[in-house]
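Participant: These protein sequence lines are chains A and B, in that order. Taking the numbering used here, the leading residue of the first sequence gets 1115, the next gets one more, and so forth. Taking the numbering used here, the leading residue of the second sequence gets 130, the next gets one more, and so forth.
Some hints here could point you the wrong way.
As the list claims (entries may be wrong) - Here are the simulated lysine-lysine pairs, DSBU-like style, with alpha carbons at most 30 Å apart:
id	chain 1	residue 1	chain 2	residue 2
1	B	638	B	550
2	A	1197	B	785
3	B	783	A	1197
4	A	1164	B	547
5	B	543	A	1164
6	B	301	B	329
7	A	1178	B	741
8	A	1143	B	397
9	A	1179	B	474
10	A	1178	B	397
11	B	563	A	1194
12	B	996	A	1143
13	B	720	A	1178
14	A	1164	B	563
15	B	638	A	1197
16	A	1164	B	397
17	B	550	A	1179
18	A	1194	B	995
19	B	1001	A	1179
20	B	783	A	1179
21	B	271	A	1143
22	B	1001	A	1197
23	B	803	A	1143
24	B	222	A	1178
25	B	995	A	1179
26	A	1206	B	783
27	A	1143	B	994
28	A	1178	B	578
29	A	1143	B	995
30	A	1179	B	720
31	A	1206	B	550
32	A	1194	B	543
33	A	1178	B	785
34	A	1194	B	638
35	B	1001	A	1143
36	B	801	A	1143
37	B	994	A	1197
38	B	741	A	1206
39	B	785	A	1164
By construction, these hints were calculated from the structure, which means they are not laboratory data.
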Amino acid sequence: MFTIRCPYCGERDQSEFSNGGEAHVARPKDPEQISDREWSEYVFIRANPKGIYYERWVHTHGCKKWFNAVRNTSTDEILKVYKMGEAPPPLKEFKNTIKTPSGEPDVGSGNFSVKKP
Amino acid sequence: MTESKIYFKFDGKKYAGNQGDTIAAALLRNNVRLIGRSFKYHRPRGIYTCGIEEPNALVQIINEHNEPNVRATVKKIYEGMIVKSQNRWPSLKTDLGSINNILSPIFSAGFYYKTFMGPKGFWKNVYEPLIRRTAGLGKPPKEFKSKSIHQHHNVDVIIVGGGLSGLLAARKFAGTNYDVLLVEREDAFGGVLKNANKIKSINDQPADEWLEKTERLIRNSNNIKILKNTLVTTYNFSDHLIALEDKNVGKPQDNEKPELVLHKIRTKHTILANGHIERFITFRNNDLPGVMLAASFEKYLNRYGFVPDESPVIFTNNSSTYSLLKSLTDLGHKPKAYVDIRDQKNIEKQTLELLEKFNIPFYPKSEVEGCEGQKEVKKVSIRTKKNQITKIKTSMLCVSGGFNPDIHLFTQSKGLLKWDKDHLTFKPDRIFQKTITLGSVSGNFSYEKLLVEVEKKLSEFQGLNELEVKFEINGPEKFQIKELWETKHEKKSLWSKSFIDLQNDVTTKDLRQAVNEGFNRIEHLKRFTTNSMGTDQGKISSINALGIVSKILKKDISEVGTTTYRPPYSPVNFSAIAGRSTYEFYDPVRKTPLHSWHINQNAVFENVGQWKRPWYFKKSEDETMLQAVQREAEQVRKTAGILDGSTLGKIEIKGKDALTFVNLMYTNSFTKMKPKTGRYALMLGEDGMIKDDGIVCKINDQHFIVTTTTGNAASVLAHMEEYAQTEWPNLNLYINSITEQFATFNLSGPKSRVIMSRVFNDIDFSNDQFPFMSFDNFKYLDTEIRILRASFTGELGYEIYVPPSHALKLWQKFFISSRDFDLVPYGTETMHLLRAEKGYIIVGQDTDGTVTPLDLNLNWMIGKKKKDFIGKRSLTRTDIVRETRKQLVGLVPVDKTLGIEEGQHVIEQKDLSLPIKNPVDMLGHVTSSYFSPNLNHSVAMALIRGGKRKIGSRLFVSTENLNTIAVEVVEPNFIDPKNERMML
Ligand SMILES: [Zn+2]
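Put together the whole structure using the sequences plus the hints.
Facilitator: As C-alpha cells, this is what we get:
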C-alpha cells in the first residue's frame, strides 16, 4: 500500500483514495457530431501502459476532491500530483526517475509505450 | 530456567514443560519426537527446526478454538494447554493414511493437475473423497469472537530483528532525534548470542552481560519503541511494513484483551537485520523424526537449556557446526559421529582439535546416504571417503547444509539478489526502497566485519552514537562451505524417499520428473511440483531445490533464478487481519427513525445495503410471508397503505447552474418544469445504461432535491461529484447528501387523500390545489415538512418528508387518523409486488447495467431536444438501437393458477424432455414475478430478445424441473393500464 499526497490534505494512505482511471481524456464537446467509433473510444477505451501513467484519483474518505497524479505503474511510485484543470507535467520530467526492478529498459521497451497526454 | 513445571496435553497425554518452552521444546524434553503426519504420504514427521522456518511440526491448539497449523517450534506452552497432532487417522501412531506412501506413484509431481483431467467422473467419485480424507493440514477452527486490533506507526527508522546486528544498529540510534521502532520476533533479544556458542565475549564481558546492558540502554532511550513477539510479515511498496504481534505468548487465552495486534508501519528507512536460515541436505528418508537442523539443535541447547539428544550424529558441509560440537562437548556429551563432506585438509583446525580431543568418530570427505527407522531415526547410513557404506546406530541426526540470508522481506521490497559464490547462496544486491541490510541477511557472516558494515551503512544518518565493541570469537571466524544439495541413494524401495519440500511432500524425484515433462522454468516447476508452496515457503529448502534444478538443467544457479517470495513471511491469522471489523463492527447497521415501531409491529427485516428495511409485517404468529404480502398488497389498493421510505437517498443540488447540471445528469428535461413540481427521472452512465432512477424536485432553477434508490445513494452522489469537479468545473453549484435529514413516508391507495386531510387538516389536498407531481413545504408543529404528490404504486399517493425527530409521532398520527380504513403498514416485498403489477421497474432487479431506457420502453423520459446529457450519445449507437436487444415485456401464464419463478429462462420451445439434441435458444429471463392478489393470477416481467415485437405471442418459461409454463407476452402494465387511479 502506497501513500498519496492529496493536493488539499497532504500525504495519506492509499486506502483513503479511489482511482478514477486515465486522466486528460476529455469528454467530446459535441457528442452528436462524432461517429460511433469516436464516441465508443471515449467511453470504453483507456490506455494501460507499464510505466508512466497520468491518472485521476479522488480522496473518497477525506476531502472528496478529485485530482490528477502521475504514477509509474510498474513500481507504483506516485511521481507527481496536481489539481484538476492544471496542465499535465511533460513526460520528459520523469524520464530518469524510473527504477524498474524487473529490469526492463527505462524507455523504448514494448512494455513501456506511453500515450502522450 | 525456573523450577516450576507447566503441564499441558498432547494427543490426550499430560506432559510437563518449563516456563518459556515452546511446544516443540517441551515435547523434545519429554522425548516425544513423532509430532504429525505428512501432507500427502502420511509419513511420520517430527521436529526439524527450532523456529519459524519449521516445515513439519504443525499442530492444532484445541483450547484456542481449534487453531490449526500452529508451529510447535514457535508457540509457547502454558498451564492447561491442549494440543493435538494433525493429519492423522485414526491416531498418530497407527495412521491408515500412510498407505498413500505406498501408493506414491499416483501422488507424484503434477498429481493434482493430472487428476483434474479425468477420466470422467473419477475426480468426483474417487480422487476427491480420497484426498479430502487423507491430504491436507489441520481442521478449520471453530467460530470465535476475535479481540485483535490494528495499530499504526509512522517512524523514521524500523529495525527488523533484535539480534546482534539489530542491537548494534539500535545502539547507534539510542538517544538521538530519530524515531525508531525495533521489532523482534522472539520474546528476548540476542539472536545468535542466545542460540549458539559462537561468541565468547563482547568488550571482555560474557555476551549475556553485554546483551543485558545494551537492552537496558535501548529501553531507556526515549526515541526507540520496542516490540517483542512481533513478526514482520510484509514489506510493501512505499516503505510500508506489516508486523504481527502476539500479546498472549505463554499465556492462556484472554477473552477481554486483544490477543493479536497487527502493526501497520510507515517508515522512512528500513534496516533489515533479520538474520539467516539454516538449510537442510537431501538424503534418503531425510524426513524421519530425529533428523534436525544442527543450529536448531544447538538453539534448544543454549536457549531452552536442555539437550535433545546426548549423542547425535552430526552431518555438515560447512564450518558452522563447530559451534554445536563445542556446545555439546562443553556439556560433557559426545556425538556418535561427525560427518563432513569436505576434505580433511579443508576443515578448520579448531574443529579437528575438538574431534581429536574428545575422540569423536570422524568421517571426512563422507556423506550421509540415508537413514532407517519406522517412526524415527534408528540408524544412519554413511558413505565414507572410500565409497563404502557404514551404518551407525543413533536416534538423532543433526544436519547443516549451509546458511541462507533471510531474504524474504528484502525480495518483498523488490530488491534484487545476486549469487554469492563463497557462501553458496543468494544475497541482497540492489535495493529498490530505502532499505539497509545488516549482518547475515546481507550475506555478511563475519563478526569482525559486522562493525565496519554497521558504521558504513549507517553513515548516511547524522548524529548517531559511536560504537565501541570488541568481539572474542569461539572457533573459526571465516565461514567455509562446500556445495552439496543431495546425496546419492543406495537403497531403492517404495518406502524410501528423498525430500526437497517436507511440508508439501515433494521429493527430488518429483523435480526430475517435472523437468523431464518439460517444466524447466523455475516458476513453472514450482507450481507443477508444489515445491516451496507450503505455509513455510520452503524456508529451509527452496535454495536447495534451485541447486538441484540447476544441476539437472546444467545451468548456473543464478541463471535458474529464484521464485518470488511473497508476503506474508509466515501465515497471518485472519482474526488479526480482520481486527475489530467483525460482527457488529464489520459493517455499520443503519436504522430508520421508525425502526422501533417496526419491531413492535412484528416487521421482518430485509437488508438493503446497510439499511434494515421492513420486508413485510407479520400480523399474527402463524402468518406466512406470502400471506402477509398478499394481505398488505390487497389492502393498499382497497383503502391505503404506508411504507417507510426513509432509506431513499436524498441529494440537494444548489447553485447558479443547478438547472444546467441536473439537465446533464438526468435524461429528462427540467428546463420548462414549473417550480414546486417533481418528475420521475432516469440517470444513465456514458454507456447509455440505466444507473439509477428517482424523483427530481425543482424548488427553483437554482435549487433541486433529487431522490435515489436506497442502494445507490452513495454512488449517485459520487457520480455527480465526479462530473461536477472534473467535467464541468465551470458550473457553479454544490451537491449535498441529505438522506438522513428526513424520514420519508409513502402513503398510497384510494383513501390516501382523505387520510392526508385528516392528518394535516389545514392543507387543501384537492386536485386543483395539489395536482399530481406537485409539492410544497408546510409548517408542522415547530418544524417544516415537505409533501410531494407522487405515486410509487400506481395508486393515488403522497410522500411526506419530515425531520427524524418528528417522524415517529407523525407516523403514529397516520394510523390514529385512519382506523376506519384499516391503513396497512407494508414492506419492501409488497412494494415490489405493487410496482410489478404496474410494470414499474426496480433498478437492480429489472435492470442489471446492460439495460437502456429504450429497452424498457421509457423513451418518453428522454429529453430528445436537450443538446447533451450523460449517456445521450450512446442511445443512438448502432448496438443500442438494434431491434433484437433484450426488451422488457410482461408475462401472464396461460394457466392462471401457475406461478412463474424469477430468474427462469424464457424460451420458444415447449418441450424440454430428454435427451435435448440442440442447445435451447434462450430469449431472456424473468426479472420480477409475483402472484397478484388484485388480479388473482401471476404477473411477471422479463427481458427478452426482440421483446417489443413479441407482444401478443405465446412463449414458455422454464421451471426447476423439465416442465415449461406457457405464457402470454403482454405490455408490462397489468393493472389500470390507463393510469387513472393515481390521478384520482
Ligand atoms: Zn484530500
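Participant: So if I understand the rule, the pair passes when the alpha-carbon distance is 30 Å or less; does residue 1179/A with residue 720/B pass?
Facilitator: With a Cα-Cα distance of about 29 Å, the restraint between residue 1179/A and residue 720/B holds, given a limit of 30 Å.
Participant: Residue 1164/A and residue 397/B: Cα distance at most 30 Å?
Facilitator: The given pair, whose Cα atoms are some 26 Å apart, holds under the 30 Å limit.
Participant: Does the structure keep residue 1164/A and residue 563/B at a Cα separation of 30 Å or less?
Facilitator: holds, 23 Å
Participant: With the threshold set at 30 Å, check whether the alpha-carbon distance from residue 995/B to residue 1179/A stays at or below it.
Facilitator: This hinted pair holds, its Cα atoms lying about 29 Å apart.
Participant: Does residue 783/B pair with residue 1179/A here, judged by a C-alpha cut-off of 30 Å?
Facilitator: Status holds; Cα separation ~18 Å.
Participant: Just to be careful, I want the Cα atoms of residue 994/B and residue 1197/A compared with a cutoff of 30 Å; is the pair within it?
Facilitator: Violated, at about 35 Å.
Participant: Holds or violated: residue 1197/A and residue 785/B, Cα atoms, limit 30 Å.
Facilitator: holds, 23 Å
Participant: Are the Cα positions of residue 1143/A and residue 397/B separated by 30 Å at most?
Facilitator: violated, 46 Å
Participant: With a cut-off of 30 Å on the C-alpha distance, tell me whether residue 1179/A and residue 474/B pass.
Facilitator: Distance of about 72 Å is beyond 30 Å: violated.
Participant: Has the given pair, residue 543/B with residue 1164/A, been kept, meaning a C-alpha gap of at most 30 Å?
Facilitator: Holds - the C-alpha atoms of residue 1164/A and residue 543/B are around 16 Å apart, at most 30 Å.
Participant: For the pair supplied as a hint, residue 741/B and residue 1206/A, is the alpha-carbon distance within the 30 Å limit?
Facilitator: violated, 54 Å
Participant: Just to be careful, I want the Cα atoms of residue 996/B and residue 1143/A compared with a cutoff of 30 Å; is the pair within it?
Facilitator: holds, 11 Å
Checked against the numbered hints given earlier, the structure breaks hints 8, 9, 15, 17, 18, 21, 24, 26, 28, 31, 34, 37, 38 and 39 and satisfies all the rest.
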